[in-house]
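Participant: Residue strings, one per chain:
Number of protein chains: 2
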Amino acid sequence: MNIANTPETPYYAVIFTSVLSTATAEYTKMADEMEQLAKKQPGFLGIESARNELGITVSYWETEEAITQWKRNARHLFAQQRGKEEWYKQYQVRVCKVERAYRF
Amino acid sequence: MNIANTPETPYYAVIFTSVLSTATAEYTKMADEMEQLAKKQPGFLGIESARNELGITVSYWETEEAITQWKRNARHLFAQQRGKEEWYKQYQVRVCKVERAYRF
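Protein chains in written order, with this note's numbering: chain A, 19 to 122; chain B, 19 to 122.
Note that these hints are calculated values from the structure, not bench results. All values derive from a computational prediction rather than experimental measurement. Just so you know, not all the hints are guaranteed correct.
It does not matter which identical chain is used: a pair holds within one copy or between any two.
[To be verified] Below, simulated SDA-like cross-link-like pairs (lysine to any residue); rule was C-alpha separation at most 25 Å, straight line:
{"no.": "1", "residue 1": "K107", "residue 2": "F122"}
{"no.": "2", "residue 1": "K89", "residue 2": "Y120"}
{"no.": "3", "residue 1": "K89", "residue 2": "S67"}
{"no.": "4", "residue 1": "K115", "residue 2": "G64"}
{"no.": "5", "residue 1": "K47", "residue 2": "T27"}
{"no.": "6", "residue 1": "K102", "residue 2": "T27"}
{"no.": "7", "residue 1": "K115", "residue 2": "G61"}
{"no.": "8", "residue 1": "K107", "residue 2": "A22"}
Please model the complete structure; the sequences and the hints are all you need to start from.
Facilitator: Structure below.
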């Protein structure tokens with residue numbers, strides 16, 4: 019996992035913050051599958067994630083429309099439903115416009 | 019560390035993604051100090067962080083002006099300089115407007 023190599027601003031970010039209730043092997047498998055699937059979506063720019071007590075995954079997108087399409091992806095909808103029923107104690111999704119960025 | 023209890027959108031987020039070159043006790047101490055100091059800044063709304071190979075810290079702010087003021091805080095400027103010289107192999111800062119949010 020590296021820092022995402024995103025283009026010039028503006029672009030969009032989805033900040034997904036979560037607390038797991040149970041971290042099963044099945045969850046890990048589904049999370050990996052979703053990451054691979056997101057990478058194939060139109061408008062995908064990059065993804066970054068880390069987890070301790072809190073999990074944070076930030077995905078980057080060219081447009082808001084690309085985010086909406088990804089949210090509605092059939093396999094992703096299934097994963098979202100399983101997540102609510104089984105894996106997540108709590109989560110928060112924040113959709114953002116990245117206005118400026120700098121790196122070191 | 020909990021999911022930040024942020025208000026109705028819009029508000030602002032700073033996504034700070036980093037790779038450490040060396041994780042010393044001194045770094046951990048400074049990171050804790052910066053978190054405590056950020057919490058005292060005007061316009062601070064919350065903070066979330068996690069680290070594996072990649073560290074992700076997202077801080078939330080009422081306005082862009084609050085972010086600018088925090089960036090210029092004297093002790094924070096010192097920490098940024100130490101970070102570049104000693105602790106960070108690489109980092110990326112992204113300043114975002116949070117346009118919509120939903121939770122479970």
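Participant: Does each hint fit the structure? Answer for all of them.
Facilitator: Here is what the structure says about each hint:
1. K107 with F122: Only across copies: K107 and F122 sit 8 Å apart there, 35 Å inside one copy, limit 25 Å.
2. K89 with Y120: Intra 28 Å, inter 13 Å, cutoff 25 Å: inter-copy only.
3. K89 with S67: Both: 18 Å inside a chain and 24 Å across chains, each within 25 Å.
4. K115 with G64: For K115 and G64, the Cα distance is within 25 Å both inside one copy (15 Å) and across copies (18 Å).
5. K47 with T27: Intra 32 Å, inter 33 Å, cutoff 25 Å: neither.
6. K102 with T27: between (33 Å within a copy, 23 Å between copies)
7. K115 with G61: So K115 and G61 pass the 25 Å test inside a copy (14 Å) and across (19 Å) alike.
8. K107 with A22: Between. Shortest inter-copy distance 15 Å satisfies the 25 Å Cα cut-off; intra-copy 27 Å does not.
Checked against the numbered hints listed earlier, the structure breaks hint 5 alone; every other hint is satisfied.
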